[in-house]
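Chain by chain, the residues:
There are 2 protein chains.
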Amino acid sequence: MSERFSRYFAETVVLISVEWERERNLMTAAWVIPLSSNPPLVGVAISPLRYTHQFLERSREFGLNILSTEQVELSQYAGTTSGREEDKFSKGIFAVEPPQKIRAPLIAGCFATMECKLADSFTTGDHTLFVGEVLEIKVNKGKSPLLLHEGGYYRLGELLGRYHS
Amino acid sequence: MSERFSRYFAETVVLISVEWERERNLMTAAWVIPLSSNPPLVGVAISPLRYTHQFLERSREFGLNILSTEQVELSQYAGTTSGREEDKFSKGIFAVEPPQKIRAPLIAGCFATMECKLADSFTTGDHTLFVGEVLEIKVNKGKSPLLLHEGGYYRLGELLGRYHS
Numbered sequence: 053m054s055e056r057f058s059r060y061f062a063e064t065v066v067l068i069s070v071e072w073e074r075e076r077n078l079m080t081a082a083w084v085i086p087l088s089s090n091p092p093l094v095g096v097a098i099s100p101l102r103y104t105h106q107f108l109e110r111s112r113e114f115g116l117n118i119l120s121t122e123q124v125e126l127s128q129y130a131g132t133t134s135g136r137e138e139d140k141f142s143k144g145i146f147a148v149e150p151p152q153k154i155r156a157p158l159i160a161g162c163f164a165t166m167e168c169k170l171a172d173s174f175t176t177g178d179h180t181l182f183v184g185e186v187l188e189i190k191v192n193k194g195k196s197p198l199l200l201h202e203g204g205y206y207r208l209g210e211l212l213g214r215y216h217s
Numbered sequence: 053m054s055e056r057f058s059r060y061f062a063e064t065v066v067l068i069s070v071e072w073e074r075e076r077n078l079m080t081a082a083w084v085i086p087l088s089s090n091p092p093l094v095g096v097a098i099s100p101l102r103y104t105h106q107f108l109e110r111s112r113e114f115g116l117n118i119l120s121t122e123q124v125e126l127s128q129y130a131g132t133t134s135g136r137e138e139d140k141f142s143k144g145i146f147a148v149e150p151p152q153k154i155r156a157p158l159i160a161g162c163f164a165t166m167e168c169k170l171a172d173s174f175t176t177g178d179h180t181l182f183v184g185e186v187l188e189i190k191v192n193k194g195k196s197p198l199l200l201h202e203g204g205y206y207r208l209g210e211l212l213g214r215y216h217s
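Protein chains in written order, with the working numbering: chain A, 53 to 217; chain B, 53 to 217.
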């Protein structure tokens, strides 16, 4: 199984924002899904090599910011720069919004933001799956979510039907 | 947190195919993501109420069939009919392909198919997260993946940029 299997999924692109002892950080993630309806749980898989991983273990909460189609450059910057080397919030690239239930800042201009409290975490191969309970959600109806697939950023295309349960 | 948070993600739509003691079943799932690069692990969250859940616990393997944009009706049928009531494979709706490493059938006409061996499982709220190691992958380059977002089925739209790591 040498081929990179993960590129064939269509992924929601998010920024995970964290704060611990007045230091803030954020990173791009795309391995993120809902895990439970009641309680509302979301999972995000993060490598232990990432600086954000340490924050999550300590602060036990995070902002989950679903990027909009206008935020490709933010995704690119936050996904390729480490908070160990520079304070990503000091660049004036990210406008922040005040959270209601957590300390970590939320990112402005996103399609949606969710405030999450860490509920659990599991080791899955070379990543840790952090499971967060969604405490607050804000949706920006004027925006459209940013997708990642086979190394490309996309917007949603044609509507092909409705899911009827 | 009364709002249904999960609808704001963009999800890859898959069919999970299973076989146990010569009985086969399949179901639609959209809570699916990569969890590890090495080993290659994928996670899919499935409610214990689903018939497929029992198969997974016993057979400990599954086919992960990433649907193409031409398979909206298959998603709809497999997602709204229970294998407890009818044999979904008996309807002539699903063409199958032989697997290489597992017993569960693979579905023809998909964007990609992955053969997975169960590596782990975790309880996450009202769902079980089944973690599979990807043993085989087949990609149909002529197809495009089917997406689910806010209750609608979509195809990928405009390419907005490339991810450069």
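Do not take every clue at face value.
To be verified - Here are the simulated lysine-lysine pairs, DSBU-like style, with alpha carbons at most 35 Å apart: (1) K169(B) to K193(B); (2) K195(A) to K169(B); (3) K153(A) to K169(A); (4) K190(B) to K190(A).
Quick caveat, the hints were computed from the structure, so don't treat them as lab data.
Taking the hints in turn, this is what the structure says about them:
1. K169(B) to K193(B): Cα-Cα ~24 Å, so holds.
2. K195(A) to K169(B): Violated, at roughly 39 Å.
3. K153(A) to K169(A): holds (9 Å)
4. K190(B) to K190(A): The given pair, whose Cα atoms are some 38 Å apart, is violated under the 35 Å limit.
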